[in-house]
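Trainee: Residue numbers (the working numbering), protein chains in the order written: chain X, 369 to 634; chain F, 1055 to 1317.
Since the hints were made in silico from the structure, they are not lab data. Ideal Cβ positions, reconstructed from N, Cα and C, are used throughout, including at glycine. The reader is advised that the hints may include incorrect statements.
Said to hold, decoys possible - As a list, the in silico DSS-like pairs of lysine-lysine whose alpha-carbon atoms are at most 27 Å apart: (1) X:Lys-525 / F:Lys-1099; (2) F:Lys-1149 / X:Lys-392; (3) X:Lys-525 / F:Lys-1269; (4) X:Lys-377 / F:Lys-1149; (5) X:Lys-400 / F:Lys-1149; (6) X:Lys-525 / F:Lys-1256; (7) X:Lys-525 / F:Lys-1242.
Stated by the list, open to error - Just the calculated beta-carbon pair ranges, DEER-fashion: (8) X:Lys-507 / F:Ala-1298: 18 to 28 Å; (9) X:Asn-538 / F:Leu-1089: 35 to 45 Å; (10) F:Asp-1108 / X:Leu-613: 45 to 55 Å; (11) X:Ser-413 / F:Pro-1086: 44 to 54 Å.
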Amino acid sequence: MKRQFLKEKLLDLVHGNLTPEEEKEVIAGLEKSGISLEEIESLRSINRRVEEAPLPEPTGRMDKRFYAMLEEEKKKVLLGEPEMKMQKPLIFSLISPGLRIAAGIALFLLGWFASGWFGSSPYGGKQMASLTGEVKQLKETLVLTMMQQSSPVERIKAVNMVGDFDRVENPIIESLIGVLNNDSNDNVRLLALDALVKYSSDPQVRNSLIQSISLQTSPMVQYRLAQIMLGLNEKRAVPEFQKVLQNASLNYSVRSKINEAVAVLL
Amino acid sequence: MMKRNLVTISLLAVVSSFAFCQSEQLVINLPPASLPGTLIFENPKGSIKITGFDGDVILATGTLRFREAESPAIDGMRRIGQNALDISAEVNGNKVTLMSKTSGKTVDFDIKVPRNFSLKLKSLDNGKVEIVNINGEIEVENVNGDISLENISGSAVLSSAYGNITAVFREVNPTSPMMFTSFEGDIKLTLPQSVNARLKMKSEKGEILSDFDIKEDKRQAVVKKNDNTQIYSLEDWVVGSINAGGPEYIIRSYNGKITIRKR
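Modelling step: build the complete structure from the supplied sequences, incorporating the hints.
Mentor: Quick look at the structure:
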């Protein structure tokens, strides 16, 4: 297949606009040109996330601001524009082409310096704030995508990135809980557990941690959960721990820690 | 729905039925586009040994650990051995998944893979996992047995419940975090002298040893909210940097000793 054709079809593929037959053909073509299924899938998942992201509803204040700006622009057009049109031909007729170029360069340099000079003005603050917000959103999307990656290193990086957020949104918490309960790697589960402990004052997180007790098989994760429940003095964990204790092959040290937890919490 | 598109591969199975060594070898020819790839393998029972070599095929040899008893001739006829092992592989993009059906028998695997390859291995029972001469990302879970890595360049995420973990790195990926966890076993890590990393270590009952100059962070106070009371305690991790500091290496055991050594 031709490259150009593939390029066009790739967009359709990512947006899911292809019939199953076409899809198969395009994927085969892409793979021939060295793009792996994983890359395609990650593109699609990013697209899905972007599409699912909620669009902010315009508020009343935004409306007002918009109309105020519109009025201002109208005034400018009505008052300012005619004068400028009058002046333009007069100025330009007086200047030779060489001077015009020199003036152009001078203006460019002036602009350059001015942008450096005013770049740090207080107006920059507001823009920075909105930019920081956007960066945070992007980072969240990135973390959610990385948590789905097949490489454990990427998932570890994602869980570590959660620690950098000041405030953590619900989707991230849910994703962390998903990792704790379903990740194929015990190390990554353990890391997600340690990340979640920070938010254990949130009742939803607390409940998920309790429910997770009977789902874990790694002794390290089980031991850590017993420690955490002791630390939180969480009595509701007792029935879950009793379920775990019924497993005959439970690690000896884990069993004694859980027994200790049950005795203290009861 | 995404249709899985399998790249056709040529499999060549050589069954070598020696009388005393019941083993089977599978040769997997890798399409050039699939390098460097990832090998995914889960051995339900038995050990795994992986050796990196300068080639572009995967040679997987499975050997029954316990020889089947030679059955006596019946009415002058010998029993013709049927395939004791069933090894197969699926190549999907640059992912190679090796599968083994062994009906409960212990099978030890010796696998040669191209040197630049990533590994995702799991051994569920009855064996150690050994990896030598690999440049890539290594993920191993061996619940009951030891894990040992030798002459590795790249990164590793290893965990065991009862086994010891030994890992010797020739080089590390400067941006990859690593994790090493064993509940009951010792963890021995050998890193290049010039490694830049931030270590986070803890062993509940064991000790921590190192010949690196580890600059320990000041321990942070941890605040736990407990209904109405707040509990303050010192962070129970040993956290410190080697050289300039870098990605986080988390090394955690319950009963084992942790050793971090210079290469």
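Trainee: At the C-beta level, are X:Asn-538 and F:Leu-1089 separated by a distance inside 35 to 45 Å?
Mentor: holds (41 Å)
Trainee: For a C-alpha distance cap of 27 Å, please report whether X:Lys-525 and F:Lys-1099 respect it.
Mentor: violated (32 Å)
Trainee: Decide if the proposed pair is consistent with the structure: X:Lys-525 and F:Lys-1242, CA atoms, cutoff 27 Å inclusive.
Mentor: holds (23 Å)
Trainee: Given the hint that X:Lys-377 pairs with F:Lys-1149, test it: the Cα-Cα distance must not exceed 27 Å.
Mentor: Distance ~25 Å between X:Lys-377 and F:Lys-1149 Cα, so the pair holds.
Trainee: Does the Cβ pair X:Lys-507, F:Ala-1298 satisfy 18 to 28 Å?
Mentor: holds (25 Å)
Trainee: Look at the Cβ atoms of X:Ser-413 and F:Pro-1086 and judge whether their distance stays inside 44 to 54 Å.
Mentor: violated (28 Å)
Trainee: Between the alpha carbons of X:Lys-400 and F:Lys-1149, is the straight-line distance 27 Å or under?
Mentor: Within the cut-off at roughly 15 Å; holds.
Trainee: Under the criterion that the straight-line Cα-Cα distance not exceed 27 Å, is the pair F:Lys-1149, X:Lys-392 satisfied?
Mentor: This hinted pair holds, its Cα atoms lying about 19 Å apart.
Trainee: Is it true that the C-beta distance of F:Asp-1108 to X:Leu-613 lies inside 45 to 55 Å, as the hint says?
Mentor: Since the Cβ atoms of F:Asp-1108 and X:Leu-613 sit about 52 Å apart, the hinted range of 45 to 55 Å holds.
Trainee: Starting from X:Lys-525, check that the Cα of F:Lys-1256 is at most 27 Å away, please.
Mentor: Measuring from Cα to Cα gives roughly 20 Å; hence the hint holds.
Trainee: Does the alpha-carbon distance linking X:Lys-525 and F:Lys-1269 stay inside the 27 Å limit?
Mentor: Distance of about 23 Å is within 27 Å: holds.
Comparing the model with each numbered hint stated earlier shows that hints 1 and 11 do not hold.
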